[in-house]
Amino acid sequence: MTTATLPDTDPPKRGWYKRNEIAVTPWLFLAPAILFFAVYVIIPIFQSFSISLYDWDGLGQAEYIGLGNYSELMNDRAFEVSLWNNLKWLVCYLLAIPAGLFIALFLNQTVTGIRIYKSLFFFPFVLSQVVVGLVFAWFYLPNEGLLSNMLAMIGLGPVNVLGDPKLATYGIILAGLWPQTAYCMILYLTGLNAVDPEQVEAARLDGAKGWKMLWYVIIPQLKPATFIAFVVTIIGALRSFDLISIMTNGGPFGQTRVLSFYMFEKALSEYGFRMGYGAAIAVVLFLIMLVFIAYFLLSMYREEKGH
Amino acid sequence: MFPRPIQQASAPAQTAYKTMLPIALILWLLPLIAVAVFSIKPATDFTQGNYWGMPGSFELFNNYGQVFFNSDMPRYMLNSVLITVPTVIGAVALSAMAGFALGVYKFRSNIWVFFMFVAGNFVPFQILMVPVRDLTLDLGLYNTKTGLVLFHIAFQTGFCTLFMRNFIRALPFPLIEAARVEGVAEWRIFWYVVLPLMKPALAALAVLIFTFIWNDYFWAIVLTQGPDAQPVTAGITSFNAQYRAAYHLMSAGSIVAALPPVLMFFLMQKHFIAGLTLGAVK
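Protein chains in written order, with the working numbering: chain A, 1 to 307; chain B, 1001 to 1282.
Some clues are possibly wrong.
Under the rule of at most 30 Å between Cα atoms (straight-line distance), these lysine-lysine pairs were calculated in the DSS-like manner [unchecked claim]:
#1 B/1106 <-> A/223
#2 A/118 <-> B/1270
#3 A/223 <-> B/1270
#4 A/223 <-> A/88
#5 B/1199 <-> A/18
Just so you know, the hints here were simulated from the structure itself, not pulled from any lab data. From a predicted model like this one, the values you see are computed outputs, not experimental measurements.
Excised from the complex, chain A in its bound form:
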């Protein structure tokens, strides 16, 4: 190998490196990661901001139109529907946190076979959202689906969940809650494992039990788990795309669109390649997310300072 002879041919440089080893090494180790991350993540964020000021079909000449795309958004009915649906996603998706805690409390026992139960309850999280979407789409089928059959058993008529503009979004959110609840459950199971048994015993001696115990003794100790559950659930809610694309493709009548889906539709689907308009929608989504990102980072920063 030629590398073995390299130091001899260039001794002064090696000396400089030796002297500055502690200062230089971290940057050498960081270089590839920063390069990749900058090219594919950081720079594109700014590029999107700039593209959103243009009218561009992705191929021809881009035309600068200032805030034209944004003012068009203000009067776009479909954008408004998507924004509202995003809000529904955010609020309803957070149900995964209490639901996950509930299942974790249910499973936090030491009976035989409980480990298998825990992994099987967690199982939906491992499935791809595409598969979850298909599974639930079949579950909701208006006549043949399991849901309608189960409703028929208790004497209720068939419902076409995904065909009903009012119900469809909630139907999709429910499908999304399935794996998300599993994720929150595993976070809480880990958290419950680390709850300080002495505090629980002490509280028991003081007569605390049931809800009181849960609220005043257990939940405060689960704070780190709750924080992570909150972060991943918010991100999951705002990223929702796969399920919508698979289950309804935005329909019926565009009533299940969310910003991430609408953006894709505008920029890349058969309805035309409006890159600038799509980028403007993405910027709005990003700004919503930024509120949460700032909050997450601030929490983490405080944590870091505390160390």
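Fit chain B to the given chain A structure using the hints.
Same frame as chain A, but now just chain B:
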């Protein structure tokens, strides 16, 4: 322990709990069980409207045989493997190095570089879509596995660096100090001292990233099209278009597509959960 161990409860309560467990599990997995049953049914069941009754005949081998030998599924599966494995290697390698740099060295911009990775990891994908697609086109990598792999490595590096850095922070620092006093070069400290201690983190990240990338759908449809480069998540939609209303085949196809991460999870469960719940306990 909370809730109170069931062993301390009355005998009927214990029995009730033990009967509720399997019932709750079946309800929880009901949609999935339905699909598993679909996948072993014959086509005639669906044409005759026998969706939920007993399977007319046992067609496991026929249905899955169709998927494996008579469709594009094996190709999509291979694409998924060829996208997922290099991504796992790349993201884990890059982030092990970055995590080492951020976890071991004190320099002024350390926390800002770290937060850049963390923040980038929270970003909604859609803001990256147009520029990344454009970049991939410019590089001539549109509709190639390489194009997808490069992007995935870059994006996953955010999460992985967060993970690695926190893991390295928790390692005993005197070990590194001792090596320095001995005059060991920094890269040798990384290779011979830190890396061996990071094995659990490497394993946890590898299974997590494998699952995330295998299950990716959005970037698959943004950066690729057709059976040459598309992974199985995107392929399953064309598969389903081909076998419209053939629920037995669509179900079998979905199960096949979902299988690798499921196997990965059950085989590497400890690492998988350790990775997902990092930080859930202080």
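Going through the hints against the structure:
{"no.": "1", "hint": "B/1106 <-> A/223", "result": "29 Å, holds"}
{"no.": "2", "hint": "A/118 <-> B/1270", "result": "12 Å, holds"}
{"no.": "3", "hint": "A/223 <-> B/1270", "result": "23 Å, holds"}
{"no.": "4", "hint": "A/223 <-> A/88", "result": "25 Å, holds"}
{"no.": "5", "hint": "B/1199 <-> A/18", "result": "29 Å, holds"}
In this structure, none of the earlier numbered hints is contradicted; all agree with it.
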